[in-house]
Amino acid sequence: MAVSAVNLQSLKKSKDLLCIVILALIAILAFISRLLSVVRFESVIHEFDPWFNYRATQYLVNEGFYKFLTWFDQVSWYPLGRVVGGTLYPGIMITSGIIYKVLHFFNFNIDIRHICVFLGPVFAGLTSIATYLLTSEVCTKSAGLFAAAFVAIAPGYISRSVAGSYDNEAISIFLLMITFYFWVKSVKTGSSFLAACTALFYFYMVSAWGGYIFIINLIPLHVFVLLLMGRYSKRLYVAYSTFYVLGTIGSMQIPFVGFQPATTAEHMAALGTFGLLQIVAFASFCRDQLPSESFKTLLKRALIVIFIIGITGFIVLQRLHIIDPWTGRLYSLFDTGYAKKHIPIIASVSEHQPTAWPSFFFDLHILVPMFPVGVYFAFKKLTDENVFIILYSFTAAYFAGVMVRLMLTLTPIVCVTAGICMSYLFDNFLGYKKSKATVVKVEETEEVLSGNESTPESPVSPKINSPKINSPKMTNSPKIHNKLKKSEHNSQKQDNSESPSITFEIKLIVTLSLLLVFCMYVWHCTWVTSNAYSSPSIVLASRNRDGSQHIIDDFREAYYWLRQNSAEDAKIMSWWDYGYQLAGMTNRTTLVDNNTWNNTHIATVGRMLASNEENAYELLRKHDVDYALVMFGGAIGYSGDDINKFLWMIRISENVYPEQVKEENFYNSRGEYRVDDSVSPTLRDSIMFKMSFYRFKDLYPNNQAFDRVRGTTVYSKPIQLTIMDEVYSSENLLVRIYKIKKPDNIGRSLQSAAVFNSGRRRKRNRKSRKYKQQKIDD
Amino acid sequence: MQLKFISLFIALFLSVVNALEVPDNVFINNLHRQFEVNSSVVRENIAISVKSKEDGANFFYLAYKKDLIPNISTMVAFTKVDKENILTITQEKEEEDSDLQYFKVDLEEPLKIGERVIVNVEVSYVKILKPYPKYINQNDDQYVLFSSNVYYLSPYTITKQKTTIKIGDTIKSYSQEPAPVKEDDNDVYYGPYENIAPGTEKIVSIHYKFKDRLIHFEKLDRTIEVSHWGHTVNFKEDLIVHHDGSQLKNNFNRIAFQKSQFYTETPSSVKDMIFVLPPRAHDIFFVDTIGNVSTSAFHKDDTRTLLQVLPRYPLFGGWKYTWSQGYNNPLDGNVKYNPKIKKFVFQAPIVLSLKHIPIDHFKLTVVLPEGARNVDIHLPYSFDSEERKMTYSYLDTTGRPTIVLEKDNVCDDHFQYFQISYSLPFYFTVQKPLVVSLFIFSLFLISMIWTRLDLSIVKVIIVFFFYHYKNIY
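Line by line, the protein sequences are chains W and R. Residues -7 to 770 (my numbering) make up the first sequence, in order. Residues 57 to 529 (my numbering) make up the second sequence, in order.
There may be inaccurate statements among the hints.
No more than 25 Å apart at the CA atoms, straight line, and that leaves these computed lysine-lysine pairs for BS3-like [stated by the list, open to error]:
| id | chain 1 | residue 1 | chain 2 | residue 2 |
| --- | --- | --- | --- | --- |
| 1 | R | K183 | R | K275 |
| 2 | W | K689 | R | K305 |
| 3 | R | K136 | R | K216 |
| 4 | R | K327 | R | K267 |
| 5 | R | K190 | W | K733 |
| 6 | W | K177 | W | K372 |
| 7 | R | K190 | W | K734 |
| 8 | W | K731 | R | K216 |
| 9 | R | K258 | R | K238 |
| 10 | R | K327 | R | K275 |
| 11 | R | K376 | W | K733 |
| 12 | R | K445 | R | K392 |
| 13 | W | K731 | R | K190 |
| 14 | W | K734 | R | K305 |
| 15 | R | K238 | R | K186 |
| 16 | W | K689 | W | K614 |
| 17 | R | K327 | W | K731 |
| 18 | R | K186 | R | K327 |
| 19 | R | K376 | W | K734 |
| 20 | R | K315 | W | K731 |
| 21 | R | K315 | W | K689 |
| 22 | W | K93 | R | K445 |
| 23 | R | K305 | W | K733 |
| 24 | R | K109 | R | K216 |
| 25 | R | K258 | R | K275 |
| 26 | R | K136 | R | K107 |
I should point out that these hints are in silico values taken from the structure, not numbers from a laboratory.
Build out the structure end to end from the sequences listed, making use of the hints.
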């Protein structure tokens, strides 16, 4: 025994080293697996929002910090413009700006684009470290390593942090986890320094992502629940008071947030909890001074009264509009039907839809069954930190169910709980002293630590072990369950406190099957990453018949054409989805973009597209539009094109212009949305339809034009466009650019001018023919 | 008769106004000029037979219209006897009240009276072809208009002159005046004309089909970075290309363009450009402002590497495209150590460009390795400006000597080699590792101090306690 004790001592030191090495490897893995998009495609900014962030970062780097804060962008939202400095979360831009400045100080002349592209993967590596810290704080180090490994490759998180996905979420998940880590730690220790760290990272989070609302509600909820559970402590008081005061002051420094923490409903819970905590603290101070039973009951009643007064006061203030009501986006979190009825612009975004069940499996894979197990273990040992884990799990699970996008906040906690679950399982099935064989086997994988650590540091004392193993067993494998029971009997007979009483075979089977599950998880994550989440979406890829990759680069082709061959002050009208890309890639003025701050303006653009030529021309002229741009996927079968989005555009503009735009007019007599000969007249006359299908028939012989997205033939009569000229279409007709004509010289409408021009020719021909005939007659 | 009178008048007028006194030391007894106008760079080859009027005439003057000067890219003169020996041409001081610009050509040997020497002057012009008509259809051919003074503008009397314009393709029309004019095998012959007074002018135009691509580079920035550490020479070009041809009458019709690729071409469009790189070129890239251009391709064989640059869209008249391209070449492909002068000699072509495509603004930046000294540059012709500075890049402390050269109106004739010689200090090989190790060492040092530094307030109390403890016992 003495020898083994010495061994344990030396083992512990080498274990720390091993832990660091494994964690570093996990962080590197998290970085590398996100580079698939660069390997598959190139180092390029992805999708829509990242293009804006990239443009803003360029502005920050080129113009300096103060100019950035006061940036008024004339290029977007023509003619309104946008106060960018005050309407964005500057965290991500400032982060990459600082990295840029530091690297350039040391003469590493890295292009700002590469910093932006690789920021997501770098922060993903940091996230896995933060997750490790949080998990090891609430459970064991081995659980931390498991959680870190899980989060490193979890598809739900990879989806937002691949190289090139330069979005707020890319750094926010790291900030979320590190804030929670410091919070849990400060509650645990009662250190005001750690609470200040929490506030600091909370401030960083506020500067980076609107999702900070989650933190500022979850932490008060945690405090509130702890109070309800009667777990008030000085530690809690110090932690929360420090955090709330510093964090709120910090968050108010962000121009976009400003005085919201004092005036909006989303922040009131935190304020209320802060007040409540002061009262509770005062009460507990009083109780220390005068301990009596009657005081306690009085306190309880007083608390209830104060609580009720607080809530009613809040509601009254909100009614009086002193506190702003909840925003629509927040409402839609609690009533999934709300957005569809009242704010179609939110409902139209696919990532705001409620999550489908398969996508949970797609994004989390085996973590889905492990998640409740981990939560169960957290319930088993109800410490302050575990209460936090439970609360986080439940709230995040709810929100992820409501909105696809919020799957992102769920993923880290799922990884944490799955890590806890796995750690417990391995602790029980890998007693390393008895079964060296299994240890050797496991050592090949990264999860070796759990095996090593089980005996000395296990949080579960062996006595409580046996009932605990039951639960995962029940859920996992009923076959082993019987055997387990037998082994339990054995253990009771042996009554040995040191070694768990599971036979070697069972250990082997469980361990191997778990390893198999891990392999499947890794396999799945890699597959999802490479196939689903690595596409930059501005570059499409398809396969040739021989299996080689065929790149469809139409977006950039058309955008670059505009950049090089249009006037520098040209205004481009397109649906808002393409606003950020247009601004970033063409450097031209757009009417609307992905910021969607002005619903009316977006509805106006929708109305332009839904109007017939005459009305559209009037609107286009009023907005000084030079070019109109539509996406048309009919030629190659790109389903995300504008004709498919058109119904949403109509709904959004109907919401604002119910007189001018009516959704039912765009369905044909049978109530269908068709583009073939049974197309509704309103749709047929809309410039969206005309711009999409203009000249499309010429591509096919004998009038057999076929729309590959809608899978139908196309409206067979020729399409006349009189208010604009086609100036450019990309190689696969995916992007079509039209130039708006100047008004007619002698004040006719362009239609009548076109009719006149075509008619005159006919008349003259007729006249000359008559003349000829007369001549012949003569 | 009238023409002669006018030209005489102009000549008289010019001779009065001209401040520069052109000495009447020579006259031209025979002159033959020949234009090659089938590419964007128009070449004029003038064979001048100069006959001296006095003893010891050792120079003569060329005259050009001032508004033509920005279009002149190169001007070289040599005698017919010795083609290698290039005569010096000096541009005379510009005069404000004259529309002529004179160039003085120095002869090798002074002429005796009545002696004759044949001097060949080769001039290349850029941007003097005008697309005509201005607007064409997508599938139409490109036609251009070339105009020039049919007589050779000279301060001297020309006894006999011929002008040939070589076209080599369908001629739509050409000026019939002044006679005699003859068209033969797609070339137009003007002359011979006799006894042309100084300063006589008559503009002739030729309208013909232009087969070559009518484009030019607005800007070409070439950066060469020599790295002894990486054992590579890095070449990078930033280019802006502009199509000078006729614009599209009815805008671009993609569907017609896609269809036309199967049976007819769109002759006026430029779809690709092929650059010839060294055979060992590697790490080739072709990107523009918004990322990699996936349409490009390259082909490699033993003697060269071909980079086919396909712009994102076909270029039509008036369209523009910008991109950058680059490659790495092994160091020994460009740099040799010369033990005689104990220096490294770097040699590379000045321009990497396309044949017959002029460049408006050319900028060459050469970045030498850190610490390079005694930098000498040898250029085959002069540049408009030369600047030396320092650039700082990866792991640099003292900076890399950089030479920036600029020149306008560059064409094929400038595609020559240049050399730079430099020496490297003895500590060159250890400088960078030393910097890195010093940096890391300082990090360790800081961390050593940091861990030994204790700023906590609590410690004081412990010491205090300890002190008490000690005192008690």
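These are the hints, each one checked on the structure:
1. K183/R / K275/R: This hinted pair holds, its Cα atoms lying about 14 Å apart.
2. K689/W / K305/R: 22 Å, holds
3. K136/R / K216/R: 18 Å, holds
4. K327/R / K267/R: Roughly 14 Å separates the two Cα atoms, so the pair holds.
5. K190/R / K733/W: Distance ~20 Å between K190/R and K733/W Cα, so the pair holds.
6. K177/W / K372/W: Between K177/W and K372/W the Cα gap is close to 20 Å, so the pair holds against 25 Å.
7. K190/R / K734/W: 21 Å, holds
8. K731/W / K216/R: 56 Å, violated
9. K258/R / K238/R: 17 Å, holds
10. K327/R / K275/R: 19 Å, holds
11. K376/R / K733/W: 22 Å, holds
12. K445/R / K392/R: The given pair, whose Cα atoms are some 24 Å apart, holds under the 25 Å limit.
13. K731/W / K190/R: Holds: K731/W and K190/R sit about 20 Å apart, inside 25 Å.
14. K734/W / K305/R: Roughly 16 Å between the alpha carbons, so the hint for K734/W and K305/R holds.
15. K238/R / K186/R: It holds: about 23 Å lies between the C-alpha atoms, which stays within 25 Å.
16. K689/W / K614/W: 32 Å, violated
17. K327/R / K731/W: 23 Å, holds
18. K186/R / K327/R: The given pair, whose Cα atoms are some 21 Å apart, holds under the 25 Å limit.
19. K376/R / K734/W: Holds - the C-alpha atoms of K734/W and K376/R are around 24 Å apart, at most 25 Å.
20. K315/R / K731/W: 23 Å, holds
21. K315/R / K689/W: 12 Å, holds
22. K93/W / K445/R: Roughly 22 Å between the alpha carbons, so the hint for K93/W and K445/R holds.
23. K305/R / K733/W: 14 Å, holds
24. K109/R / K216/R: 17 Å, holds
25. K258/R / K275/R: The given pair, whose Cα atoms are some 34 Å apart, is violated under the 25 Å limit.
26. K136/R / K107/R: 14 Å, holds
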